[in-house]
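Participant: Each chain is listed here by its residues.
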Amino acid sequence: MSELTSSSRSILYSAHLLWETHDKILVAAGTAFGEIVLWSWIRQPHCRSFSRVHSVFLGHEGSIFGVRISSNVALKSRKKPQRLLSSCSDDRTIRVWDISSITDNDRAAPTLDETHDANRKQHTGFSNALVDTTSTSSDCLAIGWGHLSRVWSVDFLDPTYSPEGVFLLSSGEDATSRMWEIIPRDETLRTAAAAPAFSLKLIDTAAYNNGKNIWSSTISKFFLNHQRLISGAADGKIIVCSPYFLPQSNNRIMKPSIQEYSVQDIESMALDFADGATTLQTNPTDNPAFKSEFFRSYTFLDSKSFLLTTNSGKIYLETIGLDPQCFQNNTITESVLVDQMDDLKGYSVCTAEASIGIAFVAGSRGSIYVYQKATSVLSKLYSIRSKVGSMFVAKTFTETGAASLVLLITLMRGREARLLYIDLDQSEPTVSAEMDIVLSELLTGLAVTSIAYVPTTWEGGYILAGFRRGSIATYKILRGDTDSKDERKRKAYAISTIERVHGKETVTAIQWVPSRFFSMNGYIISVGRDGYSAVHYLDLSTNCTTLVHNLSLPVGPSIEGLYFHKNQIVVYGFSSTKFILYNSTSEEEVMSVETGGAHRTWAFEYFSSHEGGGTVVWTRASTMRILSQVGPNHHVIRPGGHGREIKAMAVSTTKVNEQSRHLIATGAEDTDIKVFEYVGGDVVYRRTLRKHTTGIQHLQWSDSGQYLFSSGGCEEFYIWRVRQLPSPLGIGVVCESIFTPESEHSDLRIMSFDVRKRQNVEFGFIFTMAFSDSHVGIYSYDATATVKWQTLAIGNYFTSCLTQSVFLSSSTILTAGTDGHSAIWSLPSDLDRPHASAPLLASTLTWKYPVRIHQNSSKTLASHPLDQETVLIVSGGDDSSLALLLASTSSSESAYAHPPTIIVRAHASAITACAILLFRSRVFILTSGNDQWIRLWEIIVHNTSTLGEGQDLLEIKRVKRMKTNVADVSSMAILEQGDKRTKVVICGVGMEVVRIAWD
Amino acid sequence: MGKSSKDKRDAYYRLAKEEGWRARSAYKLLQLDEEFNLFENVTRVVDLCAAPGSWSQVLSRVLIKGEKFGRAGWNEKQKDMRSYVLGLEKEKPVQMDAAEEFEKNKPREGVRIVSIDLQPMSPLEGVTMLRADITHPSTIPLLLKALDPDTFDPNATSAPHPVDLVISDGAPDVTGLHDLDIYVQSQLLWAALNLALCVLKPGGKFVAKIFRGKDVDLLFAQLKIVFERVKVAKPRSSRASSIEAFVVCEGFCPPPGFKATLDTPLGAGSQLPTPENPPAKTEMSRKVRGDGAIEIDLGDEEEGDEGDVEEAGLRWIAPFLACGDLSAYDSDATYHLPKDRISLDPVQPPTAPPYKRALEMRKLAGGAYGKTKGQE
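Protein chains in written order, with the UniProt record's numbering: chain A, 1 to 999; chain B, 1 to 376.
This is chain B alone, in the form it adopts within the complex (with noise of 0.2 Å):
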C-alpha cells in the first residue's frame, strides 16, 4: 500500500503524521488516557518496548510539558481537525499562542520517565532512555540507577522509590503461525508484568498490550491476583480486525509475602501464589441502560464436566471496554479526502529489518529484489 491509499484507509496514520506523533500507535495510550485516567496523580513511570517511541512521546508532552489531552480538549482539537482532513474547512486550526499555551501546560513535578527498548530510539525530553533486555535480572538495578540517579544504592533489590505506572506496547514480529505468535505475546506480558512486579508501588498501575486469543482468559485470571481491577480495552485507534487490546490493571496488591525478582521469573517455571481467599465469582447480574437496553452477565461459570481439572478457576474473563470517543476516528473506516491533499512522510522512518544483509546480499548477486518466494 501506498503513502497516500494508506492515509485514507487509516485516518490514525494520517493523523498521526500530521500532528508529529512518531507511530500512530499514540493515539492507542491517548484514547486509553480518556478512559481511565491513566496519568491522574501520575509522575514516575517507566515505558517497556518504547522504540520507535511513540508512547514515551505521549508521556514527554503530557507529564513533562504538561500538554492537555484531556476528555474535553481532545474532543475539541478531533472535530477542528476532522472538519479541516475531510476538506470542510480549507484552514488548519489556529495554533495557541506560546504565552496561552504556557498558562494552559503546566508541567508536573518531579516526573520521572524511563523508557526501555533493545533497539536505540531518538531522544525525547525528560525521557530517560535505556537500551536493554526488559526480562534481564541486570535491567533492573540499570532502571534503578535511571529512576533515581541521585539517591540510587547499587545494593537495593528492590525500589525504594516505586513507580506509579508500567506500560508496555511491545510486539512480536509476527510470524503469521497463529499459536506462535500469540504464545510469544504473551511471554513479552509475562515479561512486562515480571518487571512491573520488582518496580511497581501498591496501588500502582500497569497497562499492556495482549492479544485476545486461545486461551487469554487464564492469563486475566493470574492478573487478577496481583491487581485490584483488571479489565480490558480496546482504542478505536485499534483496528477491530486485529486480535490486539490492552489490559489495563488497576491498583497493585502484590500477595502478602510476595518478593518478585527476575532470577526467578513468573511464567517461565515459576507461577503466582495462588491467593488463599479466591476471589469473589461474579455473580449473574441484570442491568437497565438509560437507553433501556438489558444488560445481563450471566456471571461466572460453573466447571461443567467439559471444564478440565485443572484449569478450574484458572480462566477469568475480564470486563471489556472500547476507548475513544464515538465522534474519533474509526480506524477501520475509509475516509474521503480532498483531491489536494499532499501525503506527507512518516515521522520516524522504518527501522532496519533483520534481512537487510540478506537484500544485499541478493542485490550484488544480481537477484530480484524483493521478491518473498522461492522457485526451482
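Okay, chain A solo, but in the shape it has when bound (with noise of 0.2 Å):
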C-alpha cells in the first residue's frame, strides 16, 4: 500500500476514482481554486506502478464541489463512444469536459507532470482563471447554468438505462435535483467560436426536500424499468420519487402535460359517446343571452367521475381513465350529456357527496336538481323561490344504518338558509325534512362558506357553518321541530359563536371529531384562507369552546379543504401558483400541480385508496383542465428535523396514565420550533411552530408540560399552549401570548430566560428575561388577568451581553454573560401581587457579588437545588473551562456557600452544553462542546466540619467521556432516568440520545 498525492497541494473538495482497466485507475479531482486535476495511476508488468498528471481543466470561476467520470456514453452527432468528465461548482455552472482522448491512447498523451509545474506558476488559483484571457477552456464540452446557488454534486446516468442520449443529474444549495441531457448545440446560437459544442438542456426539477440543501443525490437502479431518484438534504431526509423526467427503460416517458379541454372538445366527446336519436339537438347560438358558452362549476361524484355544468344550462358527465400502473393521468375517456335546463342558464351551482355518488345542481331561479351515479338518473328534488348562492352537503346515517344526507342551500343576500334532510333509501332521494337558518348579519355575516353535520340523536343534531368573515357559528337542529307548525320552531339561530377562527379570512372547511359517537362534545378542525389549521374543543351541552390548536402552515395561505387519510390530516389549496395538496400530520407534500394560480372554479376529489392522491379540475383561459394523480410525489425513506443547528432544547416528562411522556422541543437557527415524542426508543416528530422570525435563543416547558416558551431574537418571546388531543389530531398547540417588545427598535435578543410558577393562579408565571443590550428584566404573565403583561423589574447590567439568566430562589436571580462574570441580583418581594389594571411602576434592579467564573462568555448554565439553602449552578465557558458555584439562597449576608470552582482545559473546545444529573443521592455533570465530546464528572460536596487541611469543599472527578455525533451541540437535557442507565438527548447540528450505563 503506498500513498499517492497529486501535485496539485491546493485543497481539494471532490474526487472521482475510476479502474478504467485492471491496471489503471483514473482520477480526477476538484480544487478549492476552480482546477479540475486528471491524473491516473497504471501498474504495468515489468516495472513499478506510476502515477502522472494528464490534464488541468480551467474554466469554472469558483471552487469545484463535484466531479464525476464516465462510462463510455454515445453523444450524438460523434461516432466513437466518450469518455466524459463532468464537474459542477461555487460558480453555480455544470461542466462536461470531453476526456476521450486522454483515455484513448496512454503513451502518445503527453503526460503534463513535467510541464505542470511551470504552468502552475501561472495558474496557482482560480483568479487567475478570472484574469487571464490567455487560459483556455477548449476542452469544455457543455456548459449548464440553472441552479440558483451553489451545486454540490453531479453524476451521469447509466447509459444502459438511457441509451437514447447522455443525462446527467446534479443537485444543490438551491434544494433541487436537476437532470439535464447533453445535445449538440443549435449552431445559428455559437457566437464566439470558442463557444462549447454542446449544450445542457435542463430537462426537469425535483425540489420535495423542503427547501433544504440538497447534499447527496443518487439514482437507484432497484428496478429494471423504474430508475428512482433518492436525495438527501441538510435537515437529514432522504427521499425517493420516481420523476418523469428520468428516462425509464428503454422508452422516454414523458411527463404528462396538464390537458385542456374546452367546451367545444367536451361537446363534441359527448356527440361521438350519445347514441344519435337520444341526443338533445340544442344549439347554444340560436339564444343570443348564451352565446358565450363556458364552463359554470365542477363536482365529483367519485375518484373519476365529476359533473360540470356550463353556461347555456347543460349538464354533463366526465369520466377520467384512470390508469393505475400510471403516476399520473389526464385524460377524459367518456363525456355525456346528461341534460340541459333551462333555469341553469346563465348560473348554475354543483356539489356532491362523492362517497355516495350523489350531486346537486341548483341554478338562478332556485330549482334543485339531484343526480345519482347509480342508476344515472337525474330529477328534480326540490324548489326555493329565490336564486340559490351555494350548497352544502353533509352525509349522517339514519337509524336503520342508511346513509342519508343534509344539504344546506344558500340564497342571494339571504337571510336566511334553507336546510334538507334527505332520505336515500327510497328510489330516489326524497326531502324528508326542512328547516331555516337564520344568519345574523352582525355577529357572523351572510355568506356561509363551509359546514359540518354533528349528529346526536337519531332525530337531530347541530350544524356547524363556517363563515366567509372568519368566524365559526353552531346552530341546532331537530327534525321533531321541522314539521312543527310553529313558524319560528322552524327556525334555526345560532347558539354559539367562536369569532375570528381565521382571522378576518374564509373559513374553507369544517371537520367534526366528536369525542364518541354521537357524543355532545368533541374538537372542531377547520381550515382557512388565512393559512392556519386550527382545532376547537366544543361542548354542546354547556356550549363551551376552547381553542386548543392553531398553527400556520407550509404551505397557502388559501387553504380549500382538509380530510382524512390513513388516521392524519390532509389539506389541500393554492400556494403561489399551485395546487398543493399537503399531509399536515406528516408535513409532507403530496401532490403539486400547476395551476397558475388560485381559481374561482375548481373542483378537487381524493383517492381514498392506500396510496392516496386526487384529481383536481379546474378553468384556466376558458378551458378545462384536469390532473389526476395516484399515489405521493415522492416518499421519505428517513424523516428529517430542523434545516440548520438547533441553538435550544427542553425535554418534558409528564405522567399520562402511569405512562412517562416524553416530548422534546427543540429551536433551531432556521427560527423553527418543532416538538418530538421520545416513543419506544425512537425520536418521533409530531408538530412544528412556526413563528418566530429570528433565530431562536432559548426554550423551556413549564413544570406541568403545559406550556412551553420560546425567545429569539428582535424581542421575540411567546408562550405555547400543548396539549394532547386525541388520534388523529395529535399535539395541539396555541400560541397563548407575546411578550410585547419594550425597547425602541425591539432588536434586541432575548438570550434567556427562566421561569417560576406565579403562586396563588392556576396559569401565571414569572419570567427573568436577559437582553443583548446588558440589561435584565422581571415579567409576570397571568393568562386570567385583564392585564395579562405586567413588568417587575428592570435592571442594567454594564454594556456587555448577557447569556444567562436563572431563578436561584424566589427572590434572587442569577445571571451570566460575555464578560464571563456572574452576578447576583435580589428581586422585590411582592412578586406574586395580582396584577393591577393600571400599569405599575417597574422597580429597578441592582446586580452585587460579581464572581469572575469565566474569561469570556458563558455559553451554558445549569442549575440545581442540593438542599433547602444550596443551589448548584454549572457554568460551561467559551474559555472551554466548566465553573460551580454555590449559591446560598438562605441568608442574604453571603450569596455563596463557597468559592467559585473552575476547571480549565475541561473541553478541547467552547463548552455549550451542561445537565446536572442526581442519581443515588450522588451528583453528576454532563458536559459537551463543540469538540464532539460528552464528559461526565462527579462532584462531592464534603462537609464543612470534616474538612480536612487544604481541601475544598467542592471536589469534582473525570467519570467518563464518550464521542458525540452532533456537531455544534447547544444543549443537552436528561431523557429517561433509570435505576441502570440514564438517557440523555444532545442537540447541535441535528440530535441524538446516548445512553449512561450505571456499573
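Wrong hints could be hidden among the right ones.
[Stated by the list, open to error] Below, a list of computed lysine-lysine pairs in the PhoX-like style, where the Cα atoms sit at most 25 Å apart:
1. B:Lys281 / A:Lys963
2. A:Lys963 / B:Lys231
3. A:Lys395 / A:Lys304
4. B:Lys65 / B:Lys17
5. A:Lys957 / B:Lys281
6. A:Lys80 / A:Lys24
7. A:Lys201 / B:Lys363
8. A:Lys960 / B:Lys281
9. A:Lys963 / A:Lys983
10. B:Lys356 / A:Lys201
11. B:Lys224 / A:Lys963
12. A:Lys221 / A:Lys201
13. A:Lys957 / B:Lys287
14. A:Lys504 / A:Lys691
15. A:Lys960 / A:Lys983
16. A:Lys76 / A:Lys201
17. A:Lys963 / A:Lys980
[Unchecked claim] Some chain A residues near chain B, calculated using beta-carbon distances under 7 Å:
18. Gly62
19. Thr799
20. Thr818
21. Asn856
22. Ser880
23. Ile902
24. Arg905
25. Ser909
26. Gln932
27. Val989
Hints were generated in silico from the structure; no laboratory data involved.
The C-beta atom is built at its ideal place from N, Cα and C for all residues, glycine as well.
Could you use the hints to bring the two separately framed chains together as a complex?
Facilitator: As C-alpha cells, then:
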C-alpha cells in the first residue's frame, strides 16, 4: 500500500476514482481554486506502478464541489463512444469536459508532470482563470446554467438505462435535483468560436426536500424498468421519487402535461358517445343571451367521474381514464351530456357527496336537481323561491344505518339558509324534512362558506357553519321541529359563535371529530384562507369552546379543504401558482400541480385508496384542465429534522396513565420550533411551530408540561399552550401570548430566560429574561387576568451581552454574560401580587457579588438545588472551562457557600451544553461542546466539619467520556433516568440520544 | 441585515468603518497583540491569506508607521471612542497634531512585511504584496525574493534570513456542511504551518485562525511538537457564537534534522516526526486566584478504555486565553446608538463573488435576482 498525492497542493473539495482497466485508475480531483486535475495511476507488469497528470481543466470561476468520470457514452453527432468528465462548482454551473483523447492513448498523450509545475506558476488559484484571457477552456464540451445557488454534486446516468442520450443529474444548495441532457449546440446560436460544441438542456427539476440544501443524490437501479431518484438534504431527510424526467427503461416517458379541454371538445366528445336518437339537439348559439358558452362549475361524483355545468345550462358527466400503473393521468375517456335545463342557463352551482355518488345542481330560479351516479338519473328534488347562492352537503346516517344527507342551501343575499334532510332509501332521493337557519349579519355575516353536521341523536343534531368573515357558528337542529306548525320552531338560530377562527379570512372547511359516536362534545378542525389549521374543543351541552390548536401551515395561505386519510390530516389549497395537496400530520407534500394560481372554478377529489392522491380539475383561460395523481409525488425514506443547527432544546416528562411521556422541543437557527416525542427508543416528529422570525435562543417547558416558552431575536418571546389531543389530531399547540417588546426598535435578542410558576394562580408565570444590550427584566404573566403582562423590575448590568439568567430562589436571580462574570440580583418581595389594571412602575434591580467564572462568555448554565439552602450552578464557558458555584439562598449576608471552583481545559473547545444529574444521591454533571466529546463528572460536596487541611468543599472528578456525532452541540437534557441507565438527548447539528450505563 | 442595524448588532463592524480599517478583523490582531505582545522585537513578518488586508494594515501601521496600539493607548482611545459612540460626548476625540504624533511614533528599522493572497489587494505602505498560492512550492522562492530583494539567491532552498512572525487569518467560504468546513479550515492551517516551517526563525511566532471544533486537540498536539508554547486565544472582537479562535504559537523549535519543504507538505501524506521525548504531561494542579476562586487543572488525561489506541498521546488541550480588555467592545452585545448617527460605508467594498456571472446570466434571462431556492 502506498499513498499518492497529486502535484496540486491546493485543497481538494471533490474527487472521483474510476478503475478503467485492471491496471489503471483514472482520478479526477476538483480544487478549491476552480481547477480540475485529471491524473491516473498505472501498474505495468514489468516495472513499478506510477502516476501522472494528464490535464488540468480551467474555466470554473469558483471551487469545484463535485466531479464525475463517465463510463463510455454515445454522444449524438460523435461516432465513437466518448469518455466524459462532469463538474459542478461554486459558480453555479455544471460543465462537461471531453477526456476521450486522454484515456484513449495512454502512451501518446503528453504527460503534464514535467510542464505542470511551470504551468502552475501561472495558475495558482482561480483568480487567474478569471483574469487571464489566455487560459482556454477548449476542452469544455458544454456548460449548464440553471441552479440558483451552489451546486454540490453531479453524476452521469447509467447509459444502459438511457440509450437515447447522455443525461446528467445535479443537485445543490437551491434544494433542487436537476436532470440535464447533453445535446448538440444550435450552430446559429454559437456566437463566439470558442463556445462549447454542446449544450446542457435542463429537462426537469425535482424539489421535494423542503427547501433544504441537497447534499447528495443518486439514481437507484434496483428496478430495471423503474429508475428512482433518491436525495438527502441538510435536514437529514432522505426522499425517493420517480419523477417523469428520468428516462424509464428504453422509452422515455414524457411528463404528462396537464390536459386542456374546451367546451367544444366536451360537446363533440359527448356527441360521439351519445346514440344519435337521444342526443339533445340544442344549439347554444340560438339564444343570443348564452352565446358565450363556458364552464360554470364542477363537482366530483366519485374518484373518477365528475359533473360539470355550462353557461347554457348543460350538465355533462365526465369520466377520467385512470391507469393505476401510471403515476399521473389526465385524459377524459368519456363525456356524456346528462341534460340541459333552462333554469340553469346563465347561472348554476353544484355540489356532491362523492362517497355515495350523489350530486346536486341548482340555478338562478331556485330549482334544485339531484343526480345519482348509481342510476344515472337526474331528477328535480326541491324548489326554493330565490336564486341559490351556494350549497353544502354533509353525510349522516338513519336509524337503519342507511346513509342520508343534509343539504344546506344559501340564497343570494338571503338572511336565511334552507336546510334539507334527504333520505336515500327511497327509489330516488327525497326531502324528508326542512328547516331554516337564520344568519346574523352582525355576528357572522351572511356568507356561509363551509359546514359540518354533528349528529347527536337519530332525530337531530347540530350544524357547524364556517363563514367568509372567519367565524364558526353552531345551530341546533331537531328534526321533530321541522314539521312544527309554529314557524318560529322551524327556524334555527346560532346558539354559539366562535369568532375570528381564521382571522378575518374565509373558513373553507370544517370537520367534526366527536369524542365518541353521538357525543355532545368533540373537536372542530377547520382550515381557512389565513393559511392556518385550527382545532376547537366544543361542548354542546354547555356551549363552551376552547381553542386547542392553531398553527400556520407551510403551504397556502389559501387552504381550501381538509380530509382524513389513513388517520392523518390532509389539506389542500393554492400556494403561489400551484395547487398543493399536503399531509399536515407528516408535513409532506403529496401533490403539486401548476395551475397558474388560485381559481374561481375548480374541484378536487381525493383517492381514499391506500396510496392516496387525487384529481384536480380547474378552469384557466376558459378551458378546463385536469390532472389526476395516484399516490404521493415522493416517499420519505428517513424523516428529517431542522434545516439548520438546533440552538435550544427542552424536555418535558409527564405522567399520563402511569406512563411517562417525553416531549422534546427543539428550536433552531431556521427559526422553527419542533416538538418530538420519545417513544420506544425513537424520536418521533410531532409538530412544527412556525412563528419566530429569528433564530431561537432559548426554550423551556413549564413543570406541568402544559406550556412551552420560547425566545429569539427581535425581542420575540412566545408562550405556547400544548395539549395532547385524541388521534388523529395529535398534539395541539396554541400561541397563547406574545411578549410586547419594550425597546424602541425591538431589535434586542432575548438570550436566555427562566420561569417560575406564580403562586395562587393556575396559569401564571414569572420570567427573568436576559437581553443582548446587558439588561435583565422580570415579568409576570397571568393568563386569566385582564392585563396579562406586567413588568415587575428592570436592571442594567453593564454594556456586555448577558447570556444567562436563572432564578436561584423566589427572591434572587443569577446572571452571566460575555464578560465571564456572574452576578446576583435581589428581587422585590411582592412578585406574586395580583395584576393591577393600571400599569405599575417597574422597580429597578441592581446587581451585586460579581464573580469571575470565565475568561469570556458563559455558553451554558444549569442549576439545581442541593438542599434547602444551597443551589449548585454549573457554567460552561467559551474558554473551555467549567465553573461551579454554590449559591446560598437562605442568608442574604453571603451569596455563595463556597468560592467558585473552575476546572480549566475541561474540553478542547467551548463548553456549550451541560446538565446536572442526581443519581443515588450523588451529583453528576454532563458537559459537551464543539469538540464533540461528552464528559461525565462527579461532584462531591464535602461536609464543612470534616473538611481536611487544604481540602476544598467541592471536589470534582472525571468519570467518563464518549464521543458524540452531533456537531455544534447547543443543548442537552436528561430524557430518562433509570436505575441502570440514564438517557440523555443532545442537540446541535442534528440530535442524538446517548445512554449512560451505571455499573 | 442593513448597514445601520449591523452597526448596532456589531460594534466592531461600526468601529472598523470609523477608524478606517479594511475589515473588523483588524481588531482581532490588535487584541491578540495586547495579550501576547506579538510585535515585540518583530521586524520581518509574513501575512498569509491576507486579503482584504486588514491584518497587513495593522502590520503597516504598527511596524512601518510606528503607531502605538499598546494596552494603555488602546484603552484610552477606546474609552474616548466609546463615550463618543454612545453619544455621551458629542465631540470626536481631539486628534493629536502631526508633530506630536511623529514624536510618539517611532518607525522600526529594517522592517519587511510580505502579504500573500490569491485575491488582489489594494496597496499598503511598506507592505510587499504577492498574489500566490500559499500551498505551492514555487511560492517559497517568490516569498524569499520579496523578503530580501537585493540579496535573493534563486538557488537557496531555505531562508537565509528567516522571519520573526507568520500570521494567517485565512478562512474558507463556509459550505454549511459542518465536517467539511472544519476540515477545510484545518487544511488551511496546515498550509499556513507548512509555509511557516520553511521561513520561520527558531524562536519565531506563528498565529493562525483555527476552528475550535471536532478533533482540534489533535491539531494542538501537532503544533506543540514544533513550538515551545501553544495557546488558543479568542479576542473579544471575535463573536462568542463563532467557533473561530486563534492559535498563538511561540518559540519555534523544529525537531533536530527536520527540513521543511512544500514539496512534501505535512498533512498531505507526511507527518511531523514524533519527538523521541514526548512533551511532559501536564500534571493536576490547583491554584487559588487573587479573587479567591479556585482554579483546577485536572491535568492531561490518562488514556482510558474509551480512548482509541491510535490517538494515544495525540490529543492535547491548549490553554485558552481571552484577549482584549473587558472594557473593550463586546461583539455580541447590542449597543444603543444616538438617533442622529450616520451609518458609514465600509472602507473596502466586498470582492466579486464566484457566482457573479451566474447572477448576470439570470438577470439577462429575466430571472429573480438574489433568489437562492429552486422550484419545480
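Participant: Given the hint that Lys65 (chain B) pairs with Lys17 (chain B), test it: the Cα-Cα distance must not exceed 25 Å.
Facilitator: holds (20 Å)
Participant: Would the pair Lys224 (chain B) and Lys963 (chain A) pass a check requiring their Cα atoms to be no farther apart than 25 Å?
Facilitator: holds (23 Å)
Participant: Min Cβ distance, Thr818 (chain A) to chain B: is it shorter than 7 Å?
Facilitator: Result: holds, 5 Å to nearest chain B Cβ.
Participant: If you take the shortest Cβ to Cβ gap from Arg905 (chain A) to chain B, is it below 7 Å?
Facilitator: holds (4 Å)
Participant: Is the Cα-Cα distance between Lys76 (chain A) and Lys201 (chain A) 25 Å or less?
Facilitator: holds (14 Å)
Participant: Run the distance test for Lys963 (chain A) versus Lys231 (chain B): straight-line Cα separation, threshold 25 Å.
Facilitator: holds (24 Å)
Participant: Starting from Lys960 (chain A), check that the Cα of Lys281 (chain B) is at most 25 Å away, please.
Facilitator: It holds: about 20 Å lies between the C-alpha atoms, which stays within 25 Å.
Participant: Would you mind confirming whether the straight-line C-alpha gap from Lys960 (chain A) to Lys983 (chain A) stays at or under 25 Å?
Facilitator: Holds, because 15 Å separates the two Cα atoms, which is no more than 25 Å.
Participant: Does the interface hint hold: is Val989 (chain A) within less than 7 Å of chain B, judged Cβ to Cβ?
Facilitator: holds (5 Å)
Participant: Once the shortest beta carbon distance from Asn856 (chain A) to chain B is found, is it less than 7 Å?
Facilitator: holds (4 Å)
Participant: At a threshold of 7 Å, is the proposed contact between Ile902 (chain A) and chain B supported by beta-carbon distances?
Facilitator: Holds - the Cβ of Ile902 (chain A) comes within 7 Å of chain B, reaching about 5 Å at its closest.
Participant: With a cut-off of 25 Å on the C-alpha distance, tell me whether Lys504 (chain A) and Lys691 (chain A) pass.
Facilitator: Roughly 19 Å separates the two Cα atoms, so the pair holds.
Of the hints listed earlier, there is not a single one the structure fails to meet.
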